[in-house]
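Please put together the full structure from these sequences, using the hints given.
Protein chains: 2
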Amino acid sequence: MSEYGTLQDRVQCKQLLNKVMAPEQTIEFFKNGMNLGWSGFTPAGYPKVVPIALADHVEKNNLQGKLKFNLFIGASVGAETEDRWATLDMIDRRWPYQTGKNIAAGINAGRIRMGDKHLSLFAQDLGYGFYTKDSESGKLDLAIIEVSAIKEDGSIVPTSSCGVIPEILMICDRIILEVNTGQPSFEGIHDLLTPLTPPNRQIFGITHAGERIGSTSIPCDPSKVIAVVESKLRDQGRAFAEQDDTSEAIANHIIDFFTTEVKAGRLPKNLLPIQSGVGSIANAVIGGLAKGPFKNLTVYTEVLQDTMLDLFDSGKLDAASSCSLSLSASPGFPRFFENMDKYFDKITLRPLSISNAPEPIRRLGCIAMNTPVEIDIFAHANSTLVGGTRMINGLGGSGDFLRNGFLKMMHTPSSRPSKTDPTGISCVVPHCSHIDHTEHDLDCVITEQGLADLRGLAPKERARRIIEKCAHPDYKAQLTEYLNIAEKDCLARKVGHEPQLWDRAFKMHLNLEKNGTMKLKNWDVKIDLCED
Amino acid sequence: MSEYGTLQDRVQCKQLLNKVMAPEQTIEFFKNGMNLGWSGFTPAGYPKVVPIALADHVEKNNLQGKLKFNLFIGASVGAETEDRWATLDMIDRRWPYQTGKNIAAGINAGRIRMGDKHLSLFAQDLGYGFYTKDSESGKLDLAIIEVSAIKEDGSIVPTSSCGVIPEILMICDRIILEVNTGQPSFEGIHDLLTPLTPPNRQIFGITHAGERIGSTSIPCDPSKVIAVVESKLRDQGRAFAEQDDTSEAIANHIIDFFTTEVKAGRLPKNLLPIQSGVGSIANAVIGGLAKGPFKNLTVYTEVLQDTMLDLFDSGKLDAASSCSLSLSASPGFPRFFENMDKYFDKITLRPLSISNAPEPIRRLGCIAMNTPVEIDIFAHANSTLVGGTRMINGLGGSGDFLRNGFLKMMHTPSSRPSKTDPTGISCVVPHCSHIDHTEHDLDCVITEQGLADLRGLAPKERARRIIEKCAHPDYKAQLTEYLNIAEKDCLARKVGHEPQLWDRAFKMHLNLEKNGTMKLKNWDVKIDLCED
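Protein chains in written order, with the numbering used here: chain H, 1 to 532; chain X, 1 to 532.
Just so you know, the hints here were simulated from the structure itself, not pulled from any lab data. Where hints are given, some of them may not hold.
Since the list gives no way to pick out one identical chain from another, each pair is judged satisfied if it fits inside one copy or across any two copies.
List time: in silico EDC-like cross-link candidates among lysine to aspartate or glutamate, alpha-carbon distance up to 20 Å [said to hold, decoys possible]:
1. K514 <-> D503
2. K263 <-> D134
3. K526 <-> E513
4. K60 <-> D89
5. K526 <-> D503
6. K151 <-> D9
7. K31 <-> D173
8. K521 <-> E531
9. K494 <-> E513
10. K494 <-> D92
11. K291 <-> E248
12. K133 <-> D256
13. K514 <-> D474
14. K514 <-> D528
15. K224 <-> D173
16. K519 <-> E531
17. K346 <-> E211
18. K66 <-> D89
19. K263 <-> E136
20. K139 <-> E261
21. K342 <-> E211
22. K291 <-> E261
23. K521 <-> D503
Spelled out as structure tokens, the structure:
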């Protein structure tokens, strides 16, 4: 018996005790080519023992490539599940976000078909049946959902994330429930609502970060549940991203900016609800707020990382709303579980379709902060594809928050090392090699060099401001020279609203490929279109 | 005396009769460098006699370049105002959308600083003071608003559009009102609400296209009104865009698609609220709906054009919500005014911050349809800059609707003529020269060739589908060859999630510049980075 209660305690819908089975017994439910919906969001609350049992089965019986699935999951899940599945060639399609070396390798070598989408749109499109429209049933074939408990009426209580559980339940008639008894129940932390399809979609009437509009469990028809499996495995959350001088400098620029905005009366004294992405810069920003001058803060975001516990402990954070509790396996989750009383009532976990919905994000006026791969001088941002072609993780919710926030900010180091040059990659380029967020979506760009406030600036003014405030000193002159040449050429041809030269806009990227650095000797290019 | 009532009838706040003056008398209020807010949206409901009097003054006194202003207006206004101002060098900055030959010329030659923004964000950012933060007062210096009437309490009744009137009133203390007695009053058609700044922003609880959440006039402090001017000039609306075979073919593909979606149960029988942009394709789509099988339609959009009256007359349209009534000067407006009884109660005009707000657009589940400049094989779209550098009109509300719709569709002819080749410009290209809407935002692309349903497709699948269904036959083989070369190269390097080749992604654009057509002899390129 677990210290957190037995399976019998957690399965209060007694008819479902008949469906209890070992993970291995679920293998027969899986057929090659199935569309699967999993719970889980940015490694938290995902099913574990069933996916692992199936991977073991494939490995033991040499079924690599013979049992392949299409995976629809709120965001990434633990490497012991999706990344291992990728290694065993068990994934055909994967939507809309993933993490792991092997799955990324499969995607970029063309073995796995991945698509990314704004997470809020992924959730609703899944519920509308857009991803399963070409299958015979038009539905997901099988759902695997990790739960804390099954209530008497069959409704389910999620664990550390809500993901797209409501949408999965809308379009799936065969459900496997993994009841996690290896950790305390999360019952009471969630605010759950199944969004109806238009024209009947409800008002999401959240007017402050902690407000609740739903219930603590979500309806689930017990007759659709084909298996109940016990799990004692915990989330293999992201390791804590270390802060460094660069991220501290960025955080300081951001705190200074907030201070100025409060003074000018454009932000309330307790700011507005914070959305902060993942990684070292996000950690530094949250760390900066824990030490900073602002009180009674709120957070409305999609992931809560370890540093958010520090912000709670500082006494400066009143409430946090998120889609998932993405703490590290250690020390994050143990720290949370040992102090649940302190954090529980201040946290609300919501489904992706509500945590990332434009409606509450605009109404609350979130301050959106995310890290791109690169940004260009006109303030377009690449969040997904290195070199414009290689997928890292996916778009995530960056667009949901950047398009709808009160302030829309992106932060990045000004440069990154290439193999041969410590500043060989400039994160400020003439033209992004892939564009996920447009110039119409960003207010501020921040690097360790400074903060460029772009509000109210026309494109050429934006370009000079970004180069001046944000570019690494090794690239300032080079980028200015490009802008000058492009501006002169385009204005002379009377096509100069936003100057670019298509024979050399990507010269920095091509030079990196060829010579291992974005540092150019000059902006000359001889291009022969070979038309003759 | 006008047949539509006297100025005295319209100015019911009697203390403001003291402020009545001739347009020429307002000239003294204008100083060089001022930030001005105007009513108006996509030539409707904009001030006329005051801007024209000021233009006459500049012309008569040779003040060109000596009286320049920053113009903040919901969208474009009549050519007799902003385009004439551009000719007289009276515009320094212009946000966020414009139409007119001279103003576009000024922007692309670098004389006028323009910035475009998603219209819903422009509205709120204007209200937040983001555009006026660097001026001494932090406010707009002067507002010019066309009204139908001034109520007893000083509140104002707009005319044919609502634009950003609420936000202008929030941040402007000196207001000129143009009372238009040259047409019937629009009192009763508007649904007006001033959105409060977060954290106090209201719920916009619209649950069907015709639902009203505000009032028919908007509060205005009479002590801020410095002049009341009578105008009898009417909107110089857009001429009716003729339909042609191409736009009819596109409309037919769209109607067929709707029929399939209704059959599959993914759309209700009366569809969902339609958003349709401007131009000949939009006209053809609305025309197609007037003749088509669907009844009890609704419209939730930002502009209503002449064909919308046909859709009403067909008996198939129950309600239309818009930011403006953008009818043609003739026959549109006379037809509307002569049949006001028939149309008035079915139309709701709302401020931009509500007509274009993500909140109602997602809740209602709009079907968003807009025309881009070009689209690329991975479904990024360029809506604003020809050749990636020359501004046409601006982004408008395309992103508000495409990001938030139930179905997100873009329609374009598959090719356009260049100077020397009737199909010299392919509207499907390997990589857009400017990206306003990303691959994460589009569900369907339609040309006269066909409709590409991209839902659930990974990038390389999308590319093949778009080429197959949408590209002009003159370009199908050429685009496929590019995709094949790029795919082979990128997959070999294991960076092939979304293949591109940066030495030739813009070869079609460069060839157009050099040789007058996007048709290539081959995909070879010799590029010398001139690094040695």
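Now for the hints, and whether the structure bears them out:
no. : hint          : in the structure
1   : K514 <-> D503 : both (16 Å within a copy, 12 Å between copies)
2   : K263 <-> D134 : between (55 Å within a copy, 14 Å between copies)
3   : K526 <-> E513 : both (17 Å within a copy, 16 Å between copies)
4   : K60 <-> D89   : within (14 Å within a copy, 77 Å between copies)
5   : K526 <-> D503 : both (8 Å within a copy, 11 Å between copies)
6   : K151 <-> D9   : within (10 Å within a copy, 66 Å between copies)
7   : K31 <-> D173  : within (15 Å within a copy, 69 Å between copies)
8   : K521 <-> E531 : between (28 Å within a copy, 6 Å between copies)
9   : K494 <-> E513 : between (33 Å within a copy, 14 Å between copies)
10  : K494 <-> D92  : between (49 Å within a copy, 17 Å between copies)
11  : K291 <-> E248 : within (12 Å within a copy, 62 Å between copies)
12  : K133 <-> D256 : between (50 Å within a copy, 17 Å between copies)
13  : K514 <-> D474 : within (19 Å within a copy, 34 Å between copies)
14  : K514 <-> D528 : both (18 Å within a copy, 11 Å between copies)
15  : K224 <-> D173 : within (5 Å within a copy, 62 Å between copies)
16  : K519 <-> E531 : between (30 Å within a copy, 10 Å between copies)
17  : K346 <-> E211 : within (10 Å within a copy, 36 Å between copies)
18  : K66 <-> D89   : within (8 Å within a copy, 70 Å between copies)
19  : K263 <-> E136 : between (60 Å within a copy, 15 Å between copies)
20  : K139 <-> E261 : between (49 Å within a copy, 16 Å between copies)
21  : K342 <-> E211 : within (18 Å within a copy, 44 Å between copies)
22  : K291 <-> E261 : within (18 Å within a copy, 54 Å between copies)
23  : K521 <-> D503 : both (16 Å within a copy, 18 Å between copies)
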